[in-house]
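Going down the list, the sequences are from chains A and B.
Everything in the first sequence is counted per my numbering, starting at 1 for the first residue and increasing by one.
Everything in the second sequence is counted per my numbering, starting at 1 for the first residue and increasing by one.
Some hints here could point you the wrong way.
It does not matter which identical chain is used: a pair holds within one copy or between any two.
[Claimed, not checked] Within a straight-line C-alpha distance of at most 20 Å, the following computed SDA-like cross-link-like pairs (lysine to any residue) qualify:
1. K34 with D294
2. K59 with T264
3. K19 with S338
4. K170 with G147
Rather than coming from a laboratory, the hints here were simulated on the basis of the structure.
2 protein chains.
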Amino acid sequence: MSVTSTQIELAARPVGDPKHSDFKIVKVELPEIKEGEMLCRIIYQSLDPYMRGRMDDAKSYAVPVAIGSVMEAGCVAEVMESKNARFQTGDIVNGRFGWRTHIISDGAGVRKVNKDIAPISTSIGILGMPGMTAYVGLLDIGEPKEGETVVVSAASGAVGAVVGQIAKIKGCKVIGVAGSTEKCEYVRDELGFDECISHYNEDLAMQLSNVCPNGIDVYFENVGGKVFEAVLPLLNAFARIPLCGLISRYSHVGEFPGPNLLPTLTRSILTNRLKIQGYIITERWNRFPEFEKDVSAWIDSGKLKYKEDFVDGIEQAPEAFMGLLKGKNFGKLIVRTSEDPTL
Amino acid sequence: MSVTSTQIELAARPVGDPKHSDFKIVKVELPEIKEGEMLCRIIYQSLDPYMRGRMDDAKSYAVPVAIGSVMEAGCVAEVMESKNARFQTGDIVNGRFGWRTHIISDGAGVRKVNKDIAPISTSIGILGMPGMTAYVGLLDIGEPKEGETVVVSAASGAVGAVVGQIAKIKGCKVIGVAGSTEKCEYVRDELGFDECISHYNEDLAMQLSNVCPNGIDVYFENVGGKVFEAVLPLLNAFARIPLCGLISRYSHVGEFPGPNLLPTLTRSILTNRLKIQGYIITERWNRFPEFEKDVSAWIDSGKLKYKEDFVDGIEQAPEAFMGLLKGKNFGKLIVRTSEDPTL
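For reference, chain A alone in the conformation it holds in the complex:
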C-alpha cells in the first residue's frame, strides 16, 4: 500500500508571534512497513499552547523541534496495516504522531483508545493530556478544599474548563477568567463556574476582587501577565499556585518593562506562605489510571462537560495554531485530518 503523508515542518524559529513562513507543508511518500511497524492514518491532531515552546531553542524541559522536522503533536489514528503484534488493522490508537496525515510507527508510546467511554477525539482532550494536566495540577498541587475559592485562567480552554469543573465537584467556589463575552457566558452558564470575568476588562483587578470577597486559595495559572498580577494581591495565606502555562508570554521577545514585580511576588510568598509549583504532565503519567476512572465517571454522570473546536485539514494547522496563541479557539482545538470511522 503506497501512501503519501502531508505534514507540517518547522521551517524557521519564530521571533515573537509565529507566522506562516515559520511552517512548511510537505508531502512525503511513505515506504512499506517492516516487521514490528504499523501504518496509521491520523484522524484527529491536537493543537496545544506548549507547542510554541518547542519552536524555540531556549533551554526548556523538552528538546526543541529541529528546523526541518515535523511539528510534534498528540494524535488519534486508525491502524491501516500492521506488522506489530500489539496492534491490528482497524484499531483506534493514541500516539505522539505529530502534525501529519499518516505515519509509520513502531508502536512505542502508542496506546489503544477505548471507543466505548466517549468519542475518540476526547483521547487528546478531556480524557487525554489536557484533561490529565487539569486533574493532576489541580488535585496534586492545588489541593483544593471544600469551601475554598479557586481562580482559573484560560477558563474556557482545554485545561481550564476541566480544572474549574473538578474544583466545583470538590465543593469550591470557582471563578474563571476568559476572553470574549461568549466564552465567559459559556464558562458560567454551561460549565457551572460561579463567575467568569473577561481579561479584556480594564478593571480586571477590581472585578476579580469583587467576586472573591474571601480572597483566593488556589490560582490555576495558564496565562501569566496581567491576570497573574490581578490575582497576586488577592491570594490568601497558604494559597497554592499550580503553574501550568504562561500563554500570554510565550511569544514575548526581550525584557519586560518595569516596575519589577518579582520582589512583590516573593514578599507575598513569604508573608502568605504561598506554594508556587510548576509541573509537566508527562512526568506524572503514573496518575493516568485514577484520572481516567474519575473523569470517565464524571463525564458519564454529566458532571463534566467539554467542548471541542474542530478545524478541517492538516493545511489549516498553522493558522489554527496561531489563533490558539491569541485565544481565537473556543474549546479544545483539534485538527480533523481524516474521517472518524467511529461516528
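Let chain A serve as the given structure and place chain B on it in line with the hints.
Same frame as chain A, now just chain B:
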C-alpha cells in the same frame, strides 16, 4: 519585691531603614505578682530580621507591634519569684518576653530551658527559633538529597549557618553567600561549606555560576534582591526554594525599578518545574522534638557549630537591630541584658 523594667517601645513606624527615633526607651515599675504569675529577669534577648516586618502595619502573617507597645522578641530569662505552679525561682525559661529587662508572665508560651545540652543562650539561637527555621525549611521544604548542590544566602547568619551545615551532614555540596571576607572565610573554613561567595562582588552571578558547575538544586532564600537574581538562571529542573526571609527588601519603600523579572521567574518555575514555598516557623512547631533531638546530637558530636554575637545592655538593642538589617552582626545577634547565672 519592687522591680523596674527597662524596655524598648516602638515609637514610630519606620519609613525605609529604622532609625533611633523609631524606638523609645522607657522605665516601668512592675507591680507585685499575682496568683499564677511569675517575675522574670531577662538574661538574653534575641534580635532577628523578622522584627522589621512587625514594625510596619502592612498586611502580613502577624499583627504589627502597636505604636507605644514593647518590641517583640524571644528571650531567655531566670525566674526571680513565682506564684505559678509550673515554674520555680531559679528556673531558666524561654519565652516571647520582648525587648525589656524584666517581665511579669503568666507562663503562657513559656518553656523551661534544659541547661545540660548547651549554653542557655542557644535556646534563642541554634536550639531555638532560628535553628528550627533552618532545620524545618531545609529538610521539609528544601528536601536536599545526597550529591545535590545547595546554595544558602546570609550564610554566616543565625539561620543560614545552620542550613548549610545540615546540608553538609545530608551529603550535599554547599555554597554560601555572605558579606565580608571575614564572614566568607568563617563559613568556608569553620563551618565547612564547600565555598562561600561575597555578595559585594560585582560579578556575583559569574562567581556563583563558576562554583555551581552542576547547577543549583536547593536555594535557601534569606535575602532576596540581587542574590536571588544571580541564583535564578542556575536553578536545575525540580529545584526547591524554601523562602525564609528577604532581608534586603524589608526596608524598601515604593516600587522597584524595571526590568520586570516576574515573568522570568514564572517562566523558570514552569520550564524547570520549580517549587517555591514560604513558611513561618511558628506554624510548624510540631517538628520541635525531632529538631531538638537531631540538633543537640549534632552539636554534641561537633558536626554543628555556632557563633553568637553579643551586645551588652538593653539600651543597645535598637542600634544592634539597625546593624543586623545591614549585615553588621557576625553570628546570632543577642542582647545580653543581665548576668547569665549558669556560666
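Requested in this report: Have a look at K59 and T264 and pick one of within, between, both or neither, based on CA distance no larger than 20 Å.
Outcome: between (26 Å within a copy, 13 Å between copies)
Query raised in the report: Is it within, between, both or neither when you check K170 against G147 at 20 Å Cα-Cα?
Result: within (9 Å within a copy, 40 Å between copies)
Query raised in the report: Is it within, between, both, or neither for K19 and S338, if the alpha carbons may be no more than 20 Å apart?
Result: Answer is neither; intra-copy 25 Å and inter-copy 74 Å both fail.
Query raised in the report: Given a CA cutoff of 20 Å, do K34 and D294 count as a within-copy pair, a between-copy pair, both, or neither?
Result: Neither: 39 Å inside a copy, 62 Å across copies.
Hint compliance for this structure: hints 1 and 3 are broken, all remaining hints hold.
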